[in-house]
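Asks: Below are the chains, spelled out letter by letter.
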Amino acid sequence: MRRKNFAIPVKLWVLACTIIGISLTSDTMLTCIFTVAGFVYLGFQQNWRLLFSMVIFYIILMGLLYFIRFHEFHPVVFSEFYVLMFWNLTPVFFVSWDLITTPPGEFSAFLSRVHTPTSVILGLLVIFRFFPTMKSELKCVWLSMRNRGLTAPIQIVRHPMASCEYVLVPLLLRCLQIADQLSVSAVARGAERPGKRGSYYGKKVGIYDYIWLVLWFIVTVVFFSIGGVCI
Amino acid sequence: MISLQNVTFQYAGCKEGVHDIDLTVRDGECVVLTGPSGGGKTTITRLINGLAPSYYQGSLNGSIWVNGAEISALPSWRIGMEIGSVFQDPKSQFFSSELAGEVAFACENYGMSKQEIRKRTDDAIASFGLESLCMRPLDVLSSGEKQRVAVASVYALRPCIYVCDEPTANLDGEGALRLANTFRKLKNEGNTLIIAEHRLTWLNDIADRFVYVSNGTIQWEKTLAQMQGISEEERKRYGLREIIEKEPSLPTFLMDIGKENFCSVNLTFKRKKTAIFENLNFSLPAGQIVALTGKNGVGKTTLAMVLTGLWKQSKGEIYIRGKKLSEGKRRKAVWYSSNDTGTQFFTSSVTDELLLHSSYFPERLERARALLKEFGLYTYKDAHPASLSGGQKQRLSIACGLLSDREILLLDEPTSGLDGGNMRKIAAALTNAAAEGKTILVITHDKELIQACCNFRWELG
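Order-wise, the sequence lines are chains G and R. First residue of the first sequence? That's 1 in the UniProt record's numbering, and the numbers climb one at a time after it. First residue of the second sequence? That's 1 in the UniProt record's numbering, and the numbers climb one at a time after it.
Warning: the hint list may mix true and false statements.
Stated by the list, open to error - Calculated lysine to any residue pairs in the SDA-like style (CA-CA distance at most 25 Å, straight line): (1) 119/R with 184/R; (2) 332/R with 162/G; (3) 119/R with 192/G; (4) 273/R with 236/R.
Keep in mind the hints are simulated off the structure, nothing from the lab.
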């Protein structure tokens with residue numbers, strides 16, 4: 001099923017409320033209120049993949065916290081502090097991930113509407129493209145390294161610096177090439193034209209967007225009234 | 001109309017460029033710039049679309065006129081309204097992960113109204129038959145589909161001139177044919193086309209005129225009829241590809257199972273529960289070159305990745321010289337040259353790249369030197385591999401494979417961006433390697449390469 005996205009102002013509002021709530025709370029355990037509200041928020045947008053992975057992650061955190069608190073469990077590889085930190089920050093993680101995985105077109109449409117300069121919009125579009133492109137390039141570099149026999153454990157142990165260089169050099173050079181080709185493509189398609197940019201998307205704020213805007217405000221107020229504020 | 005009058009251009013900081021260019025392109029005409037790699041074709045396209053000297057800096061003399069206006073007097077965005085540009089590698093041109101967003105990009109930049117952008121975008125998508133791609137992310141499309149999206153994104157702006165720099169360099173045969181239909185449509189609509197290209201067969205009924213560019217200048221011009229009548233010797237002398245496609249006559253590959261050289265038994269590969277190929281049995285003969293062909297998406301590259309040991313098969317066994325080998329051991333025996341050469345090199349010079357992982361014995365150095373000379377890369381022996389052109393990188397990758405001690409070579413579309421002369425150099429080198437006993441499997445749609453060096457043809461799917 002195709003993902004539905006709330007309007008960008010709603011997503012920004014949700015992120016702002018979550019960050020403020022988590023930064024100012026005096027009861028860290030109560031951040032689960034934001035997490036549960038966030039899960040409903042993701043479900044409403046049919047962002048099932050993110051919802052599923054975050055629910056599993058949260059259940060694992062919950063299990064770890066339970067054992068740390070009630071069974072004196074002390075993990076060897078990481079401290080209890082990190083578990084609590086992730087417990088607190090989980091809603092911020094997935095609410096911001098939901099925001100940055102919004103189709104870039106919708107993002108740029110919103111920015112055009114609020115009169116953001118074209119150079120800023122294009123910079124943002126490049127950032128959006130950068131991560132998926134680099135991910136696929138990294139995969140290609142790794143495959144090429146395997147093909148050339150540069151990933152054998154003995155090779156990596158004997159020459160750790162050279163192995164890092166083998167990954168970084170082609171990746172950085174490719175990064176430069178892609179940046180250059182993207183710039184040329186943008187210039188050839190009128191990116192340097194002065195004036196306001198148009199938009200294909202331009203989504204209107206609907207009734208559900210308003211409902212969620214109000215709902216998150218209520219969630220934040222309830223959160224502060226139960227847990228208190230610590231400045 | 002486009003007119004270049006006595007144009008000389010030299011890139012800043014290097015000696016490369018073009019000189020004494022006089023070229024006139026009439027409205028609605030399709031002109032193909034052809035010639036050897038590095039001859040100056042790309043520079044001429046950059047001069048026409050204004051990217052040189054505005055983006056690619058250098059010194060320009062002479063004048064370039066497009067539809068009555070001198071191009072040096074126009075800002076880049078103004079040129080973009082008249083001239084649409086299509087580049088070699090579509091995947092690094094996209095600003096959006098979705099089809100509609102990408103096709104609309106240029107219209108958005110020109111500040112059109114939402115209704116106008118939507119109309120033009122939807123028209124462009126429908127005109128190029130891209131509706132079926134609307135729900136798919138651009139990253140997962142084939143190279144051919146990506147290139148058609150790139151053309152559609154230019155088409156949405158409705159320029160009257162299209163300047164294309166080797167648009168089929170990363171495409172297989174089928175992708176090139178589909179792109180040919182796209183350009184035929186553009187020409188029939190009265191647009192002017194300027195295409196820098198090595199592969200000429202797909203332009204056979206689109207081109208009006210062929211301009212041969214070499215050593216930075218225009219050497220000659222021929223009409224389509226003159227080009228079709230060019231002799232075989234002349235074509236080879238100029239390093240040109242075939243103009244009229246000939247179907248290679250090769251024996252079909254027989255799937256005999258014998259474990260003496262390189263074979264698979266019941267080889268199956270599944271991705272996300274979908275079988276890419278199933279129960280594949282074959283045996284590649286030593287000292288032979290087999291051309292692996294087949295439609296897009298049939299699993300040719302996947303098969304090569306599995307055979308090389310870069311991916312693990314879901315089922316089945318692979319034998320080399322009678323021994324069943326794991327993925328790790330296969331990687332030591334089989335060389336794979338990918339079609340995408342952007343991330344294949346790891347050292348700081350062409351020579352180091354060739355000698356990576358090998359000892360610097362005099363015979364090996366001599367062999368490396370001979371290969372560099374054979375592939376026309378000797379002058380670049382100290383250059384960084386990233387500074388090479390696409391065709392040079394392809395040749396370097398094959399040279400690395402030939403110099404490796406691996407007995408089996410798998411090459412994926414090794415000649416897609418090469419001119420005729422370099423294609424024939426590759427064919428000769430592969431023939432020599434096979435004569436020395438190497439087993440070679442070439443995934444290719446290049447019928448000239450198949451005819452020039454392959455012994456068998458294996459149609460997958």
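Asks: Each hint: holds or not?
Replies: Here is what the structure says about each hint:
1. 119/R with 184/R: It holds: about 23 Å lies between the C-alpha atoms, which stays within 25 Å.
2. 332/R with 162/G: 20 Å, holds
3. 119/R with 192/G: Distance ~23 Å between residue 119/R and residue 192/G Cα, so the pair holds.
4. 273/R with 236/R: 48 Å, violated
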